[in-house]
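The task is simple: from the sequences and hints, build the whole structure.
Residues -28 to -1, 1 to 684 in mature numbering (1 follows the signal peptide of the UniProt record, and there is no 0) are what the sequence shown spells out, letter by letter.
Keep in mind that the hints were calculated from the coordinates and are not lab data. Idealized CB from N, CA, C, for every residue including glycine. Hints are supplied without guarantee of correctness; some may be wrong.
Here are the computed lysine-lysine pairs in the DSS-like style, where the Cα-Cα straight-line distance is at most 25 Å [stated by the list, open to error]:
| hint | residue 1 | residue 2 |
| --- | --- | --- |
| 1 | 94 | 661 |
| 2 | 297 | 274 |
| 3 | 169 | 118 |
Here are the computed distance ranges between Cβ atoms for each label pair [what the hints assert, rightly or not]:
| hint | residue 1 | residue 2 | range |
| --- | --- | --- | --- |
| 4 | 96 | 658 | 42 to 52 Å |
| 5 | 542 | 572 | 41 to 51 Å |
| 6 | 259 | 227 | 15 to 25 Å |
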Amino acid sequence: MDLPQKLRSLFLLPLIAPLACGGAPASAPPPPRQAAAPAPAAPAAPAAAAPAAAAPAAPTKAGPRADATLMPRRMLFGNPDRHSPQISPDGQRLGFLAPSDGVLNVWVGPAQAPASAKPVTKEQSRGVRTFLFPYASDYVLYRQDKAGDENWHIYAVELKTGQIKDLTPFEGIAAMFEGMSPKIPNEILIGMNDRDKKVHDLYRVDVRTGERKLVRQNDGFVGFVTDHDFKARLASRMTRDGGQEFLDLTGKEPKPFVAFGPEDAVTSEAIGFDAAGKALYFRDSRGRDTSALVTLDPRTAKPAVLAEDAKADVSHVIVHPKTGKVQAAASERERKRWQVLDKSIQPDLDALRAVADGELDVLSRSLDDKRWTVGYTVSDGPVRYYLYDRDAKKATFLFTNRAALESQPLVKMRPVVIKARDGLELVSYLSLPRAADPDGDGKPDKPLSMVLLVHGGPWARSSFRLDPMHQWLANRGYAVLSVNFRGSTGFGKRFVNAGDLEWAGKMHNDLLDAVEWSVAQGIADRARVAIMGGSYGGYATLVGLTFTPETFACGVDIVGPSNLVTLLQSIPPYWAPMVELFAKRVGDPRTEDGRDLLRTRSPLYRADQIKRPLLIGQGANDPRVKQAESDQIVKAMTSKGIPVTYVLYPDEGHGFARPENSMSFNAIAETFLAQCLDGSYEPVGGDFKGSSVTVPVGAEVVHGLSAALPRP
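Laid out in structure tokens, this is it:
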């Protein structure tokens, strides 16, 4: 994994862990009621050491309303039925993720009879999130950590015997999958930090025996670029100005190959070599705003452009399974757009586009390229998966990821472009309750309570998709708005670089401008806007309630940092090679001036300004945003008599990966949000079952929470 990919993962939640959200009144609420009451004005911030009762309640009219007819949370946040189908390289097997005894595991069956698939992994608590077939198709590989600590191990399952082998059997290491090759079918490349926690050495590992051989020791590099012969051809490292450079490793000593200045560091990255080792693919934004797909001459580094989009970065590619050549490239501004480079697959893509509605993704291909698995994504229905026979040009339906949603009243996600105060265009996504927009024009009949949902990263983006958060909140009666604020990726380097050193600055202004737009458009009631998000989105929530304490009716912070100094001083050791980029983008914790800047942008130092209800969710084992980040601001608030509800999970890390924990947090958040925004909520019911949920502080603030918590 190269530098920009690692960077963008810093404050992202795990892929399948849904964000949870909500709001709570500042003091214990009355029980749900139907009668309307006038909305109280929000008083000034509580004074130091004021009692909890002095804190203001959130604006409300009728109070929360329990409604058993709402779409069950379990449909959106429980385990999917089946998802991520992959065809084995020999084309004979189909694998996918599905629950086994309530936990996501890998299932494998004959490609022609997927209904006969059986589970081949045996996880009993924490579900499997990713898997793949090595070229030795009688094996399956997957990775797993312990309770969210992100000390990933890579496991191999022998399909004939069911034997499971840990290929990385060392305590305290974080292994990374680095590649595989049809030329060497029984081995894979793994990066492992067993020698030095700060860097990952590169190993060849036999999936049958676990035997490993060192390919390249890592002497301070961020990562390597390898070829199909498992040779480390390039290494990347940071430069002191926040850029990155790639070194040629093919000689006796590393020598400079290509460099990207700090302005191009996030929008440029290596994709890899083709099978012959002659074509080297990169995303490259040098000399342009948006990153293009290019090939670099392996000898001279001279670029040749293959695909580009003036309004969006190239973000996805389709690669031939045997030759390794890129056949198509996609960019995404509001929606994903594919450019075909190899005309031999044009008839296949044309045939597939006629099969189902939605955005098409090719998920896997057999080595002989005769069988593909594909998925179709829409915003108002589950993902539909098919097995495609290339010779016959025929797609056979496999399954949807959540069949129960097919009969639910889902809503469409609408792309909108919002102008920031300085003219920057913010690509955003809006969802409205079905009843509030009967004509489907994207304008409600009257202003609604709204939830501003802030994505993680921040070097990531919100996209068009079936977003469980949007569907959940819209079903509860709220407008939902996701904003790609400056610093988000996918929109060119000027856009991402506009976020440099702007945490709690212009990045927050973009969110405020989006709120103003929603009010001006008649979408949101200014007095009933909540802010929430996970990771960076959790930080943005804390900023919203501390830097602009009158703007939001309530906020939900999930694994968000409160103190940027301690955040950057406690990053995982294997992110140490990226410190220059953090210093360039966020602030430099190594200098006094840098620490001063970070402190001025840290919500912790403004905790006494919080006037509106706050809910915090945290995983005790989070290696990225450690529990101390939540503990600090909870302590600062309680010491001033400011109420806060703090939900802590002892078996989670950066986000809530276990569905039982996601559903329990969402049950709390839903009541919280209903109290804050005058909405409806689904009762807790059985959604605490199997969860490790604890509430160290503020359980009494949420209606019914104390009574619903499991007894010790």
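_In rising order, the numbers of the hints this structure does not comply with_ = 4 and 5
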